[in-house]
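Chemist: What follows is the residue order along each chain.
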Amino acid sequence: MIAEILKEIRPEFDFTASSDFIADGMLDSFDMMTLVSALDKQYGVSIDGTDIVPENFKNLQTIETLLRKSGARL
Amino acid sequence: MQRVDTVDQVFTAIQRVKSNAPAFCTNFFPWERKLRGWIDHAELFGEFRDEVAFFMRKDRDFWHLYFCAAGGETLKRGIALLTDLKKEPVVVDLIGNESASNELAVLIESGEFRPYRRFHRMARTGLAHVQPSGANGSPVVYADRADAPTILNLLCHSFDRYAEQLPMLYEIETAIDNRQVLVAKHEGTLAGLLFFETQGFTSMLRYWLVSERFRAFRFGSALMYGYFTTQKTVRRFVLWVLTGNENAIQKYQHYGYVADGLVNLVLANQIIRA
Chain E
1 MIAEILKEIR PEFDFTASSD FIADGMLDSF DMMTLVSALD KQYGVSIDGT
51 DIVPENFKNL QTIETLLRKS GARL
Chain Z
1 MQRVDTVDQV FTAIQRVKSN APAFCTNFFP WERKLRGWID HAELFGEFRD
51 EVAFFMRKDR DFWHLYFCAA GGETLKRGIA LLTDLKKEPV VVDLIGNESA
101 SNELAVLIES GEFRPYRRFH RMARTGLAHV QPSGANGSPV VYADRADAPT
151 ILNLLCHSFD RYAEQLPMLY EIETAIDNRQ VLVAKHEGTL AGLLFFETQG
201 FTSMLRYWLV SERFRAFRFG SALMYGYFTT QKTVRRFVLW VLTGNENAIQ
251 KYQHYGYVAD GLVNLVLANQ IIRA
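Chains E and Z, in that order, give the protein sequences. Take 1 as the starting number for the first sequence in our numbering and just add one per residue. Take 1 as the starting number for the second sequence in our numbering and just add one per residue.
To be clear, the hints were calculated from the coordinates, so they are not data collected in a lab. A virtual CB, placed ideally from N, CA and C, is assigned to each residue, including glycine. Treat the hints loosely; a few may be bogus.
To be verified - For lysine to any residue, the following SDA-like pairs were computed, each having C-alpha atoms within a straight-line distance of at most 20 Å:
#1 Z:Lys18 with E:Ala3
#2 Z:Lys18 with E:Asp48
#3 Z:Lys232 with Z:Trp208
#4 Z:Lys18 with E:Met32
#5 E:Lys7 with Z:Lys34
#6 Z:Lys34 with E:Asp48
#7 Z:Lys18 with E:Ser29
#8 E:Lys41 with Z:Phe24
#9 Z:Lys34 with E:Lys41
Unchecked claim - Partial selection, computed: residues in chain E whose CB lies under 10 Å from chain Z:
#10 Pro11
#11 Thr16
#12 Ser18
#13 Asp20
#14 Phe21
#15 Ala23
#16 Gly25
#17 Leu27
#18 Asp28
#19 Phe30
#20 Met32
#21 Met33
#22 Gly49
#23 Asp51
Just chain E, same shape as in the assembly:
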């Protein structure tokens, strides 16, 4: 599901093939904000402002960890 949301934001990239979306230039600061809104809506959570840092959006695993921390049931 996370990969699908990412694909909607940036359809040109294969997010399953990268371990660092930021270093690979696949997500920028604005994409991160769009992603947070989409994740909040999809998972019924509110990701804390202090958690919106690049380290939490590096790859599918770190995003999943962030969602769990924010109370999402995956």
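Let chain E serve as the given structure and place chain Z on it in line with the hints.
Modeler: Chain Z in isolation, oriented as in the chain E frame:
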């Protein structure tokens, strides 16, 4: 404002504001590498409180103002207390979608700022089918360090320093070292340039220009072709263009760029003339 000496100071100030933030708002999206450059060159200053952090970056003869605030009203009150805004030329960049940027603009304008320029972002994905232009035998090559002062001079004479985030000499030299500046030369003279920043699969075209007297030589298309062909692994190309610059917009559309919905509103304080 106090000079900022470390990257940690910046992130600590931002985190402090975020932790008290019912409606966090910011125009500050710093990449660590860029921050280090500003700090190393003593360009960055800050004023931090619990609910708002302001940063000012020295750029030639004026300043860029960045903010992180817990909410709109906090930002408005904070700006009203910034005494530097009364005596220094200052610009603010607001980046986001149209409605979010306009909401922030109203708050900033209450601090005696006015709309100055508006840019919008254009993007293209995948590799375009761009044909080589054949630039009268003048090759497009990577710039070398000796070109840096000429490049700086060309940029300063061609673009609005308040609105275009022009690089300093050291930033141009770094870009040249990273092979992110292409130049077209005609009989030893630098006729045009294309300055870009590539990070992984994304590349931002920052400046593309040809000197007026060389505009009949098709160096512009040669540079663009050189750009696309040297960035073979890039899948997403982006750039910012001045809204209303139809000539440039049409050129970018020709190369496959389309507006992607992000805007950059530049506001200037009263010390900067319209």
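Chemist: All hints, please: hold or fail.
Modeler: Hints, one by one, checked against the model:
no., hint, result
1, Z:Lys18 with E:Ala3, "violated (27 Å)"
2, Z:Lys18 with E:Asp48, "holds (9 Å)"
3, Z:Lys232 with Z:Trp208, "holds (19 Å)"
4, Z:Lys18 with E:Met32, "holds (16 Å)"
5, E:Lys7 with Z:Lys34, "violated (28 Å)"
6, Z:Lys34 with E:Asp48, "violated (25 Å)"
7, Z:Lys18 with E:Ser29, "holds (16 Å)"
8, E:Lys41 with Z:Phe24, "holds (18 Å)"
9, Z:Lys34 with E:Lys41, "violated (33 Å)"
10, Pro11, "holds (8 Å)"
11, Thr16, "violated (14 Å)"
12, Ser18, "holds (8 Å)"
13, Asp20, "holds (8 Å)"
14, Phe21, "holds (8 Å)"
15, Ala23, "holds (6 Å)"
16, Gly25, "holds (3 Å)"
17, Leu27, "holds (9 Å)"
18, Asp28, "holds (7 Å)"
19, Phe30, "holds (6 Å)"
20, Met32, "holds (9 Å)"
21, Met33, "holds (8 Å)"
22, Gly49, "holds (4 Å)"
23, Asp51, "holds (9 Å)"
In this structure, the hints that do not hold are numbers 1, 5, 6, 9 and 11, in rising order.
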